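Participant: Residue numbers (this note's numbering), protein chains in the order written: chain W, 126 to 363; chain H, 333 to 968.
Some clues are possibly wrong.
[Said to hold, decoys possible] Among the chain H residues that face chain W by a calculated CB cut under 10 Å, a handful are: (1) G517; (2) S711; (3) V715.
[Stated by the list, open to error] Pairs of lysine to any residue, SDA-like flavour, derived with a Cα cap of 25 Å: (4) W:K247 <-> H:Y493; (5) W:K231 <-> H:G497; (6) H:K588 <-> H:S542; (7) W:K231 <-> H:R492; (8) W:K231 <-> H:R501; (9) W:K231 <-> H:L489; (10) W:K247 <-> H:S542; (11) W:K231 <-> W:P339.
It should be emphasised that the hints constitute simulated quantities derived from the structure, not laboratory data.
Nothing here was measured: the structure is a model prediction, and the numbers come from that model.
We put the beta carbon where it would ideally sit given N, CA and C, even for glycine.
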Amino acid sequence: MLELREAVAGYGDSTVLRGVSIEVSAGQAVSVVGPNGAGKTTLIRTICGLLPVRSGARIIDGVDATAQSVHAIARAGVCHIPEGRGVFPGLSVRDNMMLFAGSDGKRTAVERGLSAFPQLTKHLNQRAGSLSGGQQQMLALSRVVVSNPSVVLIDEASLGLAPVIVDEIYDFLGRIVSEGIGVLVVEQYVTHALRFASHVYVLQRGALVYSGAPNELGSQEQLFERYLEGDLEQSRST
Amino acid sequence: MTTFLPFIILGLTSGAVYGVAASGLVLAYRTSGVINFAHGSTAAVAAGIFYWLHDEHGMAWPFAALIAVLGLALVAGAVMERIAAVLARVPTTLSVAATVGLSIALTAVIVIWYGPAPLQFPSFLPSSTFKLGSVLVGYDQVITVAIGIVAVASMSLMLRYSQRGRAMRAIVEDPELLSLTGLSGYSVRSLAWFISTAFAAISGILIAPSLGLDGTLLTLLVIQSFGAAAIGAFSNLPMTFIGGLVIGVLSALSTKYSGTNDWLQGMPQGLPFIVLFVMLIVLPRRLLVELGSAVQERTIGRVTGGRAARSSKAAVAAILLLIVPSVVGAHLAVYTLAAAYLIILLSLSLLVRTSNQISLCHMTFAAIGALAFHHLTGSVPWVLAVLISGLIVLPVGLLISIPAIRLSGVYLALATLGFGILVEQLFYARSFMFGDALSLATPRPSFASGPKAYYYLVVGFVVITYIAVRAIEQGRLGRILRARADAPEALTALGLNIRSTSMIVFAISAAMAGMGGALIGPIFGVIGQSTFQTVPTSMLLVVLLVLGSRNRSAGTLGACMIAAAALVVVPDYITSGTLQSWLNVLFGAGAIEVAFAYRGYGLSSRIKRLRSPGSPIAPDQPSSRLSVPILIEAPK
């Protein structure tokens with residue numbers, strides 16, 4: 126159970142998130158969608174502690190974790206897979222999996238990682254950077270089974286990958302949700318995200334404009350209109 | 333064989349020490365992306381602490397060694413981690429200047445502590461010997477080699493098979509991802525610096541009995557380390573250790589011949605750098621990718637103030653330069669020297685500021701220029717001799733720019749440092765350079781034979797150099813160079829040959845430095861080996877240039893004037909050696925401060941960060957543009 130309450134965050138002098146509240150409970154599939162620059166990545170970075178919460182709160186399993194550091198939040202069971210670079214390219218696949226295990230559980234790390242993605246077996250001693258994009262994303266996702274988190278945050282899980290691999294990744298995400306892990310997916314391409322999630326947040330200009338079940342959000346056309354409306358409001362106000 | 337064996341054993345002993353030092357250097361580099369030029373002076377400080385405990389206070393040597401090694405390593409683990417975390421994200425110029433500055437400061441601390449004269453450092457390991465075949469081997473030698481092997485082997489195993497070791501390999505690639513896996517980057521880097529410093533300390537204590545307690549000499553341990561590290565391609569620890577052994581043995585063997593062969597005289601000292609230089613040229617380029625360069629800032633500071641502000645600043649500088657002879661009295665020679673150094677600094681600033689390349693051998697160019705001038709004077713008109721001296725250095729600069737094409741950042745700094753030491757150690761004493769003659773005549777011209785007239789002549793050259801530097805900075809070449817420092821790939825996409833531009837600027841910069849050197853000779857009328865102590869001075873030049881750039885409003889000329897004043901003028905007024913050493917300590921602290929300021933860590937926020945060491949260094953917090961020093965300044 127992870128919760129962000131009225132969180133304000135940003136970079137340097139600029140504020141990106143303006144009071145966003147979201148929650149991900151155990152076994153829940155959550156999607157955050159929104160147009161370019163809406164603050165999706167900022168949101169995910171704020172949840173895992175890479176960005177400080179300027180005001181508001183971050184709560185993990187009922188405990189206030191607003192001032193916790195990144196590695197403490199990770200140890201508390203939050204697993205963030207960053208966009209496009211969730212692996213250490215210079216290390217072998219085996220070393221990557223062992224590192225993903227964090228400070229304990231590294232003995233069985235490789236075994237567990239391979240059970241989720243058996244395709245990686247023959248690449249165990251290969252440098253992660255020499256894998257294909259899809260294989261790298263799988264290696265990055267193997268962190269979920271290796272590190273035993275309670276919540277997984279994924280930034281742009283499907284970006285730049287072949288459709289077959291995207292399907293495989295979403296199958297995997299569905300499986301871990303059914304195992305009781307909360308999953309939050311951030312996507313620019315909404316089709317998969319909406320099909321996957323039981324709860325959707327629409328983020329626009331750093332604020333939530335929708336929170337609820339995906340089917341109530343209406344058709345994709347309506348969603349795009351929502352995006353456009355935001356843009357129009359934005360251009361009117363400036 | 334028996335004639336070689338003693339030298340080989342001697343070489344293996346010192347080589348093991350180099351290997352340990354180099355492994356520490358490489359470990360810190362691999363985990364933090366910072367090549368620590370202060371590695372040797374850390375070793376010197378450890379030797380100093382050991383000497384204080386063991387020789388001055390009679391503590392048993394194992395305890396003294398333990399305290400010196402652990403104490404220093406604990407402090408460095410905490411402090412160097414903080415410094416390196418910042419240095420990893422500033423331009424290489426600044427980070428090199430910062431650790432070079434730290435080295436200067438630590439060496440000065442030793443001088444303050446034990447005085448400038450080296451002290452005898454008694455051997456503390458058992459001195460008894462045994463016979464190996466026909467050769468006597470000391471137990472101290474066996475112990476030294478054993479310590480080296482155990483230290484490096486255990487660290488290699490740890491890096492390979494332990495979770496901490498894996499984290500150390502991972503952290504330089506993606507510190508953010510590492511913290512996302514639940515491992516604190518702070519503790520990983522601290523441990524790396526702890527081990528690195530412990531290794532430096534061990535090697536310092538082991539080598540001190542053969543070198544004596546000499547801050548400068550012990551500091552040079554970093555040089556052997558660079559050579560050994562190059563053999564290990566700055567990454568492979570066992571190879572680095574073997575590299576240390578190779579350098580140790582080759583140096584020892586060359587001592588055997590240096591007595592009989594003139595050419596080998598400087599070889600023992602120059603050898604590590606021959607190795608370094610050769611390795612940097614022959615190693616495949618992919619092995620020499622600068623670590624952490626992806627997270628380094630590329631922002632190029634924009635200078636404030638328009639043409640009016642610029643010309644008023646130039647006017648102030650001009651007035652300062654012009655009134656000097658009438659106010660300084662007997663100190664005029666020093667100011668003339670400072671003016672000549674101003675030319676060298678301007679040439680260096682062209683390189684450092686516009687193309688973000690770093691050279692640690694500009695004094696070598698100056699020395700070659702001065703020599704060329706000595707040979708030319710008399711046969712050609714005086715002014716022409718100065719200009720030709722510059723031209724003679726031009727091809728030397730081209731030669732050095734060959735590594736400049738291949739290498740970037742810190743590797744270029746290392747290659748130039750290598751070249752400087754090579755020339756000083758191997759060639760200075762040769763007859764085609766300074767030779768045995770204590771002094772070579774370098775007269776003033778007939779039209780400016782008085783000290784005052786000669787001062788103005790040098791200032792004239794400064795003005796010409798300044799105009800040339802400005803013209804290059806503002807012209808097409810300057811634009812290309814700045815773009816090259818900013819986004820080399822974009823430049824290639826435009827169809828420009830970036831290799832030739834870096835060669836050209838290096839050669840031009842070298843030629844200017846050569847001219848500066850040519851002008852130094854006539855100040856004293858003679859030049860000799862001691863006029864151009866290249867390495868320390870070249871290092872100081874870079875640090876001072878960086879320090880001079882601290883004040884944004886100073887501009888190109890202002891930064892160089894501050895640096896020249898600090899290098900030449902201030903020491904002349906300070907007669908106390910201790911005070912001068914304290915100044916060096918300040919220089920070092922200043923160089924680090926400049927790097928910190930670049931990242932926008934003012935004093936208050938830095939104190940805050942020290943209190944909460946676990947807080948992440950957010951790469952996305954853009955550094956405050958306001959505090960960017962005008963090190964790489966774009967002309968309007």
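Participant: Compare the structure with each hint and give your call.
Facilitator: Each hint, compared with the structure:
1. G517: Hint holds; G517 (chain H) Cβ to chain W Cβ min 8 Å, cut 10 Å.
2. S711: violated, 58 Å
3. V715: violated, 53 Å
4. W:K247 <-> H:Y493: Holds, because 20 Å separates the two Cα atoms, which is no more than 25 Å.
5. W:K231 <-> H:G497: holds, 13 Å
6. H:K588 <-> H:S542: holds, 17 Å
7. W:K231 <-> H:R492: The given pair, whose Cα atoms are some 14 Å apart, holds under the 25 Å limit.
8. W:K231 <-> H:R501: With Cα atoms ~16 Å apart, K231 (chain W) and R501 (chain H) stay inside 25 Å; holds.
9. W:K231 <-> H:L489: holds, 17 Å
10. W:K247 <-> H:S542: This hinted pair is violated, its Cα atoms lying about 53 Å apart.
11. W:K231 <-> W:P339: The hint is violated at about 38 Å.
Hints 2, 3, 10 and 11 from the list above are not met by this structure, while the remaining hints are.
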